[in-house]
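S.K.: Chains A and E supply the protein sequences, listed in that same order. For the first sequence, counting from 1, position 207 maps to 239 in my numbering; every step adds exactly one. For the second sequence, counting from 1, position 71 maps to 72 in my numbering; every step adds exactly one.
Careful, some of the hints might be misleading.
[To be verified] Example chain A residues on the side facing chain E (calculated, C-beta under 8 Å, incomplete): (1) 90; (2) 166; (3) 172; (4) 188; (5) 281; (6) 299; (7) 306; (8) 307; (9) 310.
Simulated from the structure, these hints should not be mistaken for lab results. All values reported here derive from a predicted model rather than from experimental measurement. We treat Cβ as the ideally placed atom computed from N, Cα and C, and that holds for glycine.
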Amino acid sequence: MTAVIETPVVPVAAGPGRRTRVLRRLRRNPLAVASLVVLVIAVLAAVLAPWLAPYGPAETDFSNTLAPPGTPGHVLGTDDLGRDVLSRIMYGARASLLVGVLAVTVAMLVGVPLGLIGGYFRRADAVIGRLTDLMLAFPFLIMAVGLAAIRGASLGNAAIAIGVSQVPGVVRVVRSDTLRLKSLDFVAAAVVDGAGDTWVLARHVLPNATSAILVQATVAIPIAILGEAVLSFLGLGIQPPAPSLGTMLAAAQQFAAEAPWAAVMPGLAIMLLALAFNVFGDALRDALDPKGNR
Amino acid sequence: MRRYLLHRGWQSAVTLILATVVVFIGVRALPGDPALALAGEDRSPAAVEAIRHHYGLDQPIWVQFGRFVANAIQGDFGRSIRTGVPVSSMLRTALPVTVELALLAILLATLLGVGAGVLAAVRRGKPSEWLANAMALIGLSVPHFWLGLLAILYLCVGAGLFPASGFVPLREDPIDNLYHLVLPTVILGTGLAAVIMRQTRSAMLDSLSADYVRTARAKGLRPRTVTGRHALRNSLIVVITIVGLQLGGLISGAVVTEQIFGLPGFGKMTIDAVFQRDYPVIQAVVLITAAAYIGINFVVDLLYSVVDPRIRVAGEAS
């Protein structure tokens with residue numbers, strides 16, 4: 033049945049012309065380039081932390097506790113146990129990115145199909161609407177509290193709580209794009225050609241919704257990174273001694289008066305990471321906007 | 002209007018029922034047998050059985066659910082496992098703190114966010130737009146609990162400008178009460194302000210390019226009148242919904258802010274309960290948050306439809 037369909041798979045968008053236009057717009061935006069550079073450096077530093085970091089994340093040096101930034105061998109100083117702040121930030125960023133990617137994966141795996149179905153089938157829409165309302169009624173922190181009570185606090189639970197709380201946003205974006213695409217001629221043509229619902233959704237609607245999904249993902253990752261920091265700070269996420277930017281801040285509260293750098297640096301790292309994602313997300317949305325100049 | 006109201010009311014009721022079922026199932030999924038835990042030292046089968054019977058744990062699951070709902074409606078959430086204090090009386094002292102903090106934060110966020118959003122939209126291409134946009138991006142990216150830590154470190158402990166922790170009830174001393182809430186409000190409010198600013202800006206840009214604004218300009222109204230009376234008023238509709246949608250973030254933010262500044266509110270109660278495994282408190286906290294979210298968003302939707310008649314019509318059509 034699928035062989036008879038001769039409508040082009042992606043008729044309106046995502047052709048090579050559009051892709052080069054988007055890339056050209058991104059290249060011409062200095063903020064986009066700068067944020068991308070920061071992201072590449074941050075991701076490399078985090079992923080390659082075991083090889084690049086000067087020390088291990090739990091390596092203590094009791095002869096060198098609370099060393100200020102600039103101390104030879106400890107560029108960003110050390111904490112109360114003499115652990116190197118820079119190394120711990122690199123390992124912590126690893127955890128942040130991991131939770132960010134996991135959470136957004138959860139949000140996409142659940143949200144994209146629900147959004148497609150909700151936008152395409154009127155009957156399912158009401159059910160999916162109640163489901164997303166239900167998810168919204170449990171803010172991520174409260175969901176994390178519940179999960180921690182039932183299953184204990186962990187990185188995985190943090191990622192699930194953050195991911196589920198992002199599902200409604202993904203559903204909303206995908207649903208409205210599906211509604212818009214459904215009314216376009218090429219989808220109607222495919223239906224007339226005898227294409228089944230699954231085929232239409234997978235080959236015609238989904239590919240044309242990718243740019244909206246992409247933008248939503250770049251918005252969701254920094255929120256997830258901030259969420260992980262909050263949960264780990266409160267003790268509901270990654271558990272010490274595993275390095276996380278949130279647990280570093282929680283620990284630094286105890287000795288912040290003597291070693292403010294231990295409280296300042298991890299926070300700056302979180303901010304830089306989230307800021308780079310947000311700036312890049314803005315630039316990407318502008319570049320993808322067909323109207324262009326906003 | 003009435004049909005719209007009924008429709009939204011029905012939707013909210015369904016969501017609330019589903020949320021209650023989720024919490025009920027969550028409580029059943031807790032590790033350990035509650036009857037065993039309550040029995041304490043005396044774990045003879047007869048004693049455990051008596052407890053099971055006393056708390057209705059031997060009843061069919063839907064009877065247990067009915068009792069759970071009936072108790073919750075009456076505000077009876079049991080007693081704290083740790084202190085034996087009824088959860089309802091814990092809530093009575095904790096909730097006002099959080100509600101006051103949240104209202105102050107919303108007030109600050111709206112003033113800052115709408116102001117900066119209008120400024121950025123009106124002064125397109127000028128340094129003030131750039132500055133407002135940059136501040137909003139930083140506001141979206143900064144971990145606010147970290148700002149709270151720094152504020153305590155430098156403004157409270159370092160400079161001694163504000164109290165680092167503690168709370169004075171509004172009734173005892175309103176001035177001291179506000180003084181204790183200045184920093185928490187700023188920390189919680191600025192995060193929300195960033196979101197409101199960005200939404201206001203884009204709504205203002207939309208309405209500033211709309212036909213009715215061009216008409217208003219063409220008939221010779223002063224720019225200030227056009228911006229304020231025509232463009233802003235239509236953009237405010239967007240702001241109302243944002244506050245409703247951001248309520249979840251506000252609740253999460255309040256929990257962290259209270260934890261940092263040692264405010265004896267709903268959030269601190271929540272976190273304490275998690276670490277003490279105080280299940281009745283956790284159950285109440287989760288259920289009340291969900292009910293509050295659903296209830297407030299229902300009210301927001303009603304307000305929204307009062308402000309904008311188009312919503313009512315669209316709601317009736319669907």
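S.K.: Now, for every hint given, state plainly whether the structure supports it.
M.R.: Hints, verified against the model:
1. Checking residue 90 of chain A against chain E by beta carbon gives a least distance of about 23 Å; that is not within 8 Å, so the hint is violated.
2. Taking 8 Å as the C-beta contact cut-off toward chain E, the hint placing residue 166 of chain A at the interface holds, the least distance being around 5 Å.
3. Contact between residue 172 of chain A and chain E, as hinted, is supported at the beta carbon level, the nearest pair being about 6 Å apart and thus within 8 Å.
4. Below 8 Å, beta-carbon pairs count as interface contacts, and residue 188 of chain A has none with chain E, the closest being about 16 Å; its hint is therefore violated.
5. For the restraint placing residue 281 of chain A at the interface with chain E, the shortest Cβ-Cβ distance is roughly 6 Å, inside the 8 Å limit, so the hint holds.
6. Given the 8 Å rule on beta carbons, the hint for residue 299 of chain A holds: about 3 Å separates it from the nearest Cβ of chain E.
7. For the restraint placing residue 306 of chain A at the interface with chain E, the shortest Cβ-Cβ distance is roughly 4 Å, inside the 8 Å limit, so the hint holds.
8. The criterion of a C-beta within 8 Å of any C-beta in chain E is met by residue 307 of chain A, whose closest approach is roughly 4 Å, and the hint holds.
9. With a least beta-carbon distance of about 5 Å to chain E, the hint placing residue 310 of chain A at the interface is held under the 8 Å criterion.
Of the numbered hints stated above, those contradicted by the structure are hints 1 and 4, listed in ascending order.
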